[in-house]
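Asks: One-letter residues, chain by chain:
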Amino acid sequence: KAGVTQTPRYLIKTRGQQVTLSCSPISGHRSVSWYQQTPGQGLQFLFEYFSETQRNKGNFPGRFSGRQFSNSRSEMNVSTLELGDSALYLCASSLVGSNYEQYFGPGTRLTVT
Amino acid sequence: ILNVEQSPQSLHVQEGDSTNFTCSFPSSNFYALHWYRWETAKSPEALFVMTLNGDEKKKGRISATLNTKEGYSYLYIKGSQPEDSATYLCASLDQTGANNLFFGTGTRLTVIP
Chain A
1 KAGVTQTPRY LIKTRGQQVT LSCSPISGHR SVSWYQQTPG QGLQFLFEYF SETQRNKGNF
61 PGRFSGRQFS NSRSEMNVST LELGDSALYL CASSLVGSNY EQYFGPGTRL TVT
Chain B
114 ILNVEQSPQS LHVQEGDSTN FTCSFPSSNF YALHWYRWET AKSPEALFVM TLNGDEKKKG
174 RISATLNTKE GYSYLYIKGS QPEDSATYLC ASLDQTGANN LFFGTGTRLT VIP
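Protein sequence lines correspond, in order, to chains A and B. Each residue of the first sequence is one higher than the one before, starting from 1 at the first, in our numbering. Each residue of the second sequence is one higher than the one before, starting from 114 at the first, in our numbering.
Just chain A, with the same shape it has in the complex:
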């Protein structure tokens, strides 16, 4: 079965702009989590969506938001981009939630200039 897909794979944006990233989970998976990885940092949890509801949110400013659609696809939005938002953004899907193994997508590499 198809894996987790993320689009776009690479993105270059300017400070102050906003960006939307997309994640399509494995068919049948209802939980989608988003993570940010910056150089020297481990994966930082952004938020988790389950059945179109945000169940958990990490310690990120309100500029980071997301949503999940009825087909479990999820989008993540970052408004008013800052240089520090340059990172690899990974999404992961699982059957139920984070206590089950996560299946990761290839990531979106965002560069803010």
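Read the hints as simulated data drawn from the structure, not as lab findings. Just so it is clear, the structure is predicted and the values come from calculations on it, not from any experiment. Take these hints with a grain of salt, some might be off.
[Claimed, not checked] Keeping only pairs whose Cα atoms sit at most 20 Å apart, straight-line, the calculated SDA-like set for lysine to any residue is:
id, chain 1, residue 1, chain 2, residue 2
1, B, Lys155, B, Ile114
2, B, Lys155, A, Tyr10
3, B, Lys170, A, Tyr10
4, A, Lys57, B, Ile114
5, B, Lys182, B, Asp168
6, B, Lys170, A, Tyr103
7, A, Lys57, B, Gly173
8, B, Lys191, B, Asn116
9, B, Lys191, B, Asn133
10, A, Lys57, B, Asn142
11, B, Lys155, A, Lys57
12, B, Lys172, A, Glu101
13, B, Lys191, B, Gln127
14, B, Lys191, B, Gly173
15, B, Lys155, A, Ile26
16, B, Lys155, A, Arg109
17, B, Lys155, A, Leu110
18, B, Lys155, A, Leu88
19, B, Lys170, A, Tyr100
[As the list claims (entries may be wrong)] Examples of chain B residues toward chain A, derived with CB under 10 Å:
id, residue
20, Ile114
21, Pro121
22, Leu124
23, Ser131
24, Ala145
25, Leu160
26, Phe161
27, Leu165
28, Tyr189
29, Leu214
All residues carry an ideal CB built from backbone N, CA and C; glycine is no exception.
Since the structure of chain A is provided, determine the placement of chain B on it from the hints.
Replies: Same frame as chain A, but now just chain B:
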């Protein structure tokens, strides 16, 4: 926020050597411990999800143990092969009801042929 630590940060071993790494996590309110392998240019891949004290899991030449009372997990690789070269991540989940995985920064393993 859970403080998950991994050691060593990086490791070089000769092909055929056995090796192990450590993941330390807060033992209070423990719920689950995940191990992932992340090869360069690929997505993180789940190895194990462990929940019970004393759990031992094995997948081929890779195995893991869990001690929830003292807050550590070991990952062992027997007879390392060049294809084992990757970053190995652990992540912990607690019982607060938040479904967040807290990741360590990983152990980068290089197996020298």
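Asks: With reference to the structure, classify each hint as holding or not holding.
Replies: Evaluation of the provided hints:
1. B:Lys155 - B:Ile114: violated, 27 Å
2. B:Lys155 - A:Tyr10: Satisfied, since the Cα-Cα distance of roughly 14 Å is no more than 20 Å.
3. B:Lys170 - A:Tyr10: violated, 36 Å
4. A:Lys57 - B:Ile114: Roughly 11 Å between the alpha carbons, so the hint for A:Lys57 and B:Ile114 holds.
5. B:Lys182 - B:Asp168: holds, 12 Å
6. B:Lys170 - A:Tyr103: The given pair, whose Cα atoms are some 19 Å apart, holds under the 20 Å limit.
7. A:Lys57 - B:Gly173: Given that 20 Å is the threshold and the Cα spacing comes to 35 Å, the pair is violated.
8. B:Lys191 - B:Asn116: Violated, at roughly 28 Å.
9. B:Lys191 - B:Asn133: holds, 9 Å
10. A:Lys57 - B:Asn142: This hinted pair holds, its Cα atoms lying about 19 Å apart.
11. B:Lys155 - A:Lys57: violated, 26 Å
12. B:Lys172 - A:Glu101: holds, 15 Å
13. B:Lys191 - B:Gln127: This hinted pair holds, its Cα atoms lying about 12 Å apart.
14. B:Lys191 - B:Gly173: Within the cut-off at roughly 9 Å; holds.
15. B:Lys155 - A:Ile26: holds, 17 Å
16. B:Lys155 - A:Arg109: Holds: B:Lys155 and A:Arg109 sit about 13 Å apart, inside 20 Å.
17. B:Lys155 - A:Leu110: Roughly 17 Å between the alpha carbons, so the hint for B:Lys155 and A:Leu110 holds.
18. B:Lys155 - A:Leu88: Roughly 12 Å between the alpha carbons, so the hint for B:Lys155 and A:Leu88 holds.
19. B:Lys170 - A:Tyr100: With a Cα-Cα distance of about 15 Å, the restraint between B:Lys170 and A:Tyr100 holds, given a limit of 20 Å.
20. Ile114: Since chain A brings a Cβ to about 7 Å from B:Ile114, closer than 10 Å, the hint holds.
21. Pro121: Hint on B:Pro121: violated, closest Cβ of chain A at ~15 Å, above 10 Å.
22. Leu124: Where the cut-off is 10 Å and the nearest Cβ of chain A is about 17 Å from B:Leu124, the hint is violated.
23. Ser131: Violated, because the Cβ-Cβ distance from B:Ser131 to chain A comes to roughly 25 Å (cut-off 10 Å).
24. Ala145: holds, 5 Å
25. Leu160: holds, 9 Å
26. Phe161: holds, 8 Å
27. Leu165: violated, 13 Å
28. Tyr189: violated, 19 Å
29. Leu214: At 5 Å from the nearest chain A Cβ, B:Leu214 passes the 10 Å test, so the hint holds.
In terms of the numbered hints stated before, the structure departs from hints 1, 3, 7, 8, 11, 21, 22, 23, 27, 28, listed from lowest to highest.
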